[in-house]
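Protein chains in written order, with numbering that gives the first Met the number 0: chain A, 0 to 219; chain B, 0 to 219; chain C, 0 to 219; chain D, 0 to 219.
If you are wondering where the hints come from, they were derived from the structure by calculation, not from laboratory data. Glycine included, each C-beta is placed from N, C-alpha and C at the ideal position. One or more hints might be untrue.
DEER-style ranges, computed between Cβ atoms [stated by the list, open to error]:
# : chain 1 : residue 1 : chain 2 : residue 2 : range
1 : D       : S62       : C       : L29       : 33 to 39 Å
2 : D       : K214      : C       : L29       : 57 to 63 Å
3 : C       : V107      : B       : A217      : 46 to 52 Å
4 : A       : G106      : D       : K191      : 31 to 37 Å
5 : C       : E138      : B       : R27       : 45 to 51 Å
6 : A       : G106      : D       : K214      : 41 to 47 Å
7 : A       : K214      : C       : P137      : 43 to 49 Å
Number of protein chains: 4
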Amino acid sequence: MIINFKAYGEAAGRRALDIAKAAERVARELGVNIAVAPGHLELALVAQSVEIPVYAQGADAESPGARTAHVAVDNVKEAGASGLILNHSEAPLRLNDLAGLIARARGVGLDVVACAPDPRTSLAAAALGPHAVAVEPPELIGTGRAVSRYKPEAIVETVELVRRHFPEVAVITGAGIESGEDVDAALRLGTKGVLLASAAVKAKDHYAKILELAKPLAGR
Amino acid sequence: MIINFKAYGEAAGRRALDIAKAAERVARELGVNIAVAPGHLELALVAQSVEIPVYAQGADAESPGARTAHVAVDNVKEAGASGLILNHSEAPLRLNDLAGLIARARGVGLDVVACAPDPRTSLAAAALGPHAVAVEPPELIGTGRAVSRYKPEAIVETVELVRRHFPEVAVITGAGIESGEDVDAALRLGTKGVLLASAAVKAKDHYAKILELAKPLAGR
Amino acid sequence: MIINFKAYGEAAGRRALDIAKAAERVARELGVNIAVAPGHLELALVAQSVEIPVYAQGADAESPGARTAHVAVDNVKEAGASGLILNHSEAPLRLNDLAGLIARARGVGLDVVACAPDPRTSLAAAALGPHAVAVEPPELIGTGRAVSRYKPEAIVETVELVRRHFPEVAVITGAGIESGEDVDAALRLGTKGVLLASAAVKAKDHYAKILELAKPLAGR
Amino acid sequence: MIINFKAYGEAAGRRALDIAKAAERVARELGVNIAVAPGHLELALVAQSVEIPVYAQGADAESPGARTAHVAVDNVKEAGASGLILNHSEAPLRLNDLAGLIARARGVGLDVVACAPDPRTSLAAAALGPHAVAVEPPELIGTGRAVSRYKPEAIVETVELVRRHFPEVAVITGAGIESGEDVDAALRLGTKGVLLASAAVKAKDHYAKILELAKPLAGR
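All chains should be modelled from the sequences, with the hints used to inform the complete structure.
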């Protein structure tokens, strides 16, 4: 399970630490893998404060150097991240840049989750060699209507296509995950995990909500 | 004087703190204003470690919210920044976004320096109401050939145009500043300060180099 | 009056000629200036078929050369255009590119209308030296609610700001112009003309609608 | 063989017709397939003047409608094109847009050639279902050093990868094709054709040069 903090005000500044700590506690108690993906501004603080994996929400195509306001893959690694989300529908990347970023991220030892909006685009993303692809129909993101329940055929088809061509790439379910039941449905469709955001970040009780969401992952 | 750390590997991770601390020491010793602009990943750590102003190198046009990998102006403020560089030639912005970002940044109390490549574009940037414009001919950036010495007429014309139409906006010299002499030349042309990067960031002895660069500012 | 054909299917292929011919007929009958702005694909055919001015809807920042799928200013001129719309809210440009494009377009003898969403951004666009700025609040574009009637203060403020700083730049009213009354209101607010699109392009009888829209311009 | 006119001044305005007519003559004489890809501004004129296939150099992701300066796939078809080049390295597309554009172009009956810089990215492009992928190492484009001779392993690997996963997608060689020998080498490496530009467009005698380039295609 990866929790994407996006640019939510609820996860800005030191509030990012509260959510990350709640996720760490759940990961430890349930013995499940939970990663957090804070914003660029909060990444270093979160990475030095928790022991669960920390992902960056994205990176720019350029190498470190004279690139004002760019976030280079190598610098993401140096800031303490162990993984990287790429091509989220809110931060879409050019195909050629995505290819270069995946190669670069693997080169410095970052786990890469590449997002895509539908099965065929997920297949293309998988061809580039990330560790996982997250299929996220953009029309469901942030709606509370989980793709695993409202568009399960998109998941099933993605799992089937990716498994046939690139079996080394895991498939993750994104978009609209709101409850433990949504997570459970996603896992039963053959995906290895979930990428979610507002359900956890905007919860009043982060610990309780993350616990609910993560429970279906325990014991698998 | 604003020191832009760009995405230099020499300013990644905790190395950003060393440069920021050197700048802080010079600022205190000489009694001059020096601001540092670390990368997004290093911003919060630097901001909580030094007492001189910390600028972000840029921001995205969107408000806080469901914006993966975006850096919102409000979150820049929350991370501890007191200023914002916009439209650097390495991070060029759409006119309409630049207008919105300047208004938003002023709204949350950030100082704004808008960059532009030539006098007329600087005038347009000044029309949007930043605190300062930095004129940076892109062909000189990173060359070690200071605009204040190799293209002084660009500075003079910018100062003249901006003063006539928008006298409340300060003009800063960027591009190619490499030495104390370059800084001195920039000030003598009528600009209020300098925006520089590699000269300070890549120096072997950050303190010594920043001291040299800042000396012409003392006593003005 | 400039009629922007956008990428409307109603103005694709040879249908662009029908609208352009109707505009030409009205221009001749009323003795008013009407320009048409067909899509890139229809530009050359329209330019060789009518004698009223033909504008391109935009151009790319690069010079002619090895630039696949780019539309260079020089090639726009060569295709028969006499003017160029830049920075429409549906085709927003980077400040630095806009500055270069305006200079280049003037250099090859094209008239330039630069669009902007509000008074202050219009002032910035005017600083770059176009022949005219068109103020178009994006929230009104395509709504049928004319800025000249629903947000007249935006027009008034733009006219006042631009006249004070750059009196050689004309101000045009865009966004939501739907009727002759809207055009009349725009002129009474001090603007020199209007930029409109769907009202003319989607009309069943192009001639009749353009005639209605253009009448307030006659005799001024 | 596809001849990309790019935004070369040598192919602007009516000069595009000369090159297209020379290509048509060679196609007829040798009995080989040659397509021409003029700029957006010249597309309609070329399409109504020759009987060989005409490709657009690109298209924008949006549908026809209120999209100033956008070139919609449907309008490309309406302008007389029978094919579409997408993701050329000079006009790189977002992965998600490329996927949508390929689907849309196929839906309206256009042939699609998707470009990519290397074997793995070509595989990803092939996963999206174009008719062909053109592998074009950007560092060779426009150099006169043909990928088929200077980097043949990139071609061989692309052919092998695409054939294994998506055998219905043809592989085309791009980048640096300058002579008939380069074309011959490309065909011997297993590709089905070539995408070239400056060699034909900048030739003094278009007919003679295109004849030389096309000869290796005859009789296959």
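For each hint, the structure was consulted:
A hinted range of 33 to 39 Å holds for the C-beta pair S62 (chain D) and L29 (chain C), which are about 35 Å apart. Distance hint check: the CB atoms of K214 (chain D) and L29 (chain C) are about 59 Å apart, consistent with the given range 57 to 63 Å. Checking the proposed 46 to 52 Å range against V107 (chain C) and A217 (chain B) shows it holds: the Cβ atoms sit about 49 Å from each other. With their beta carbons about 33 Å apart, G106 (chain A) and K191 (chain D) fall inside the hinted range of 31 to 37 Å.
Taking 45 to 51 Å as the suggested C-beta distance range, the pair E138 (chain C) and R27 (chain B) conforms, at roughly 49 Å. Roughly 43 Å separates the CB atoms of G106 (chain A) and K214 (chain D), a value that falls within the hinted 41 to 47 Å. About 45 Å separates the C-beta atoms of K214 (chain A) and P137 (chain C), a value consistent with the hinted range of 43 to 49 Å.
In terms of the numbered hints stated before, the structure departs from none.
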